[in-house]
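Engineer: As a plain string of letters, each chain reads:
2 protein chains.
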Amino acid sequence: MLLRNRDEVEPVTFSDAKGVEMRPLITDKQGAPHFAMRVFDLTPGGHTPHHTHAWEHVVYIIRGTGTVLGQEGERPLRPGDAVLLAPNETHQFRAGAEGVQMICCVPNQ
Amino acid sequence: MLLRNRDEVEPVTFSDAKGVEMRPLITDKQGAPHFAMRVFDLTPGGHTPHHTHAWEHVVYIIRGTGTVLGQEGERPLRPGDAVLLAPNETHQFRAGAEGVQMICCVPNQ
Numbered sequence: 062m063l064l065r066n067r068d069e070v071e072p073v074t075f076s077d078a079k080g081v082e083m084r085p086l087i088t089d090k091q092g093a094p095h096f097a098m099r100v101f102d103l104t105p106g107g108h109t110p111h112h113t114h115a116w117e118h119v120v121y122i123i124r125g126t127g128t129v130l131g132q133e134g135e136r137p138l139r140p141g142d143a144v145l146l147a148p149n150e151t152h153q154f155r156a157g158a159e160g161v162q163m164i165c166c167v168p169n170q
Numbered sequence: 062m063l064l065r066n067r068d069e070v071e072p073v074t075f076s077d078a079k080g081v082e083m084r085p086l087i088t089d090k091q092g093a094p095h096f097a098m099r100v101f102d103l104t105p106g107g108h109t110p111h112h113t114h115a116w117e118h119v120v121y122i123i124r125g126t127g128t129v130l131g132q133e134g135e136r137p138l139r140p141g142d143a144v145l146l147a148p149n150e151t152h153q154f155r156a157g158a159e160g161v162q163m164i165c166c167v168p169n170q
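Those protein sequence lines, which keep their order, are chains A and B. Note that the first sequence ends on residue 170 in the working numbering; no numbers are left out. Note that the second sequence ends on residue 170 in the working numbering; no numbers are left out.
Just so you know, the hints here were simulated from the structure itself, not pulled from any lab data. Treat each hint with caution, since some may be false.
Same chains, same label: a pair holds when it works inside one copy or across any pair of copies.
Unchecked claim - With a cut-off of at most 20 Å between alpha-carbon atoms, the simulated SDA-like pairs for lysine to any residue come out as follows:
no.	residue 1	residue 2
1	Lys90	Val167
2	Lys90	Gly107
3	Lys90	Ala147
4	Lys90	Pro148
5	Lys90	Glu150
6	Lys90	Gly141
Let the hints inform the model, and build the full structure from the sequences given.
Structural biologist: The structure is reproduced here in structure tokens:
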């Protein structure tokens, strides 16, 4: 078993995002065989890049609000929402006025 | 994009667990290519079975407290904790006095 709290994990920031911190909680570096779990914190008005990649995202909204922009348009986000973004689907997460915290899982590369 | 809230997902219960509801948020049925995301709610004193299987668990504690029993012993759980249980590691989740809510991801079978 490996156990660590988000507070023990150094945040990663991205030059093409605004107000976004990502903490890689469980990845292949911790021995995860198939997929990684990361937690994202977006400050109010923050957003991830509008981008695409060959792997899926599986997301859960822990707290806060925001929107997710996918290829069919924008959807509001609230706690308890689960989102599947398909491989190669262009997407962006945008935080609302209170920011948003979410889990985002991806397959190992 | 597929989006659904936990409140829209019917809970599954288990005969070998006590006080456990599992909602399969995003699985291969929703088109997830590699792994599934489920949310578990354990009522105070509830527990999952003490069991083992060939696939890993990647877990995030959303709220509440409890413990996780792995092969090296029992560890307390609090919000923000991330847990990797390796394939074939015997394990059990136990809720504390306020119950516990957690995300648990598994590879597609």
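Engineer: Hint by hint, say whether it matches the structure.
Structural biologist: So, going through the hints one by one against the coordinates:
no.	hint	in the structure
1	Lys90 - Val167	both (14 Å within a copy, 18 Å between copies)
2	Lys90 - Gly107	neither (28 Å within a copy, 32 Å between copies)
3	Lys90 - Ala147	between (24 Å within a copy, 13 Å between copies)
4	Lys90 - Pro148	between (23 Å within a copy, 16 Å between copies)
5	Lys90 - Glu150	between (27 Å within a copy, 18 Å between copies)
6	Lys90 - Gly141	between (28 Å within a copy, 19 Å between copies)
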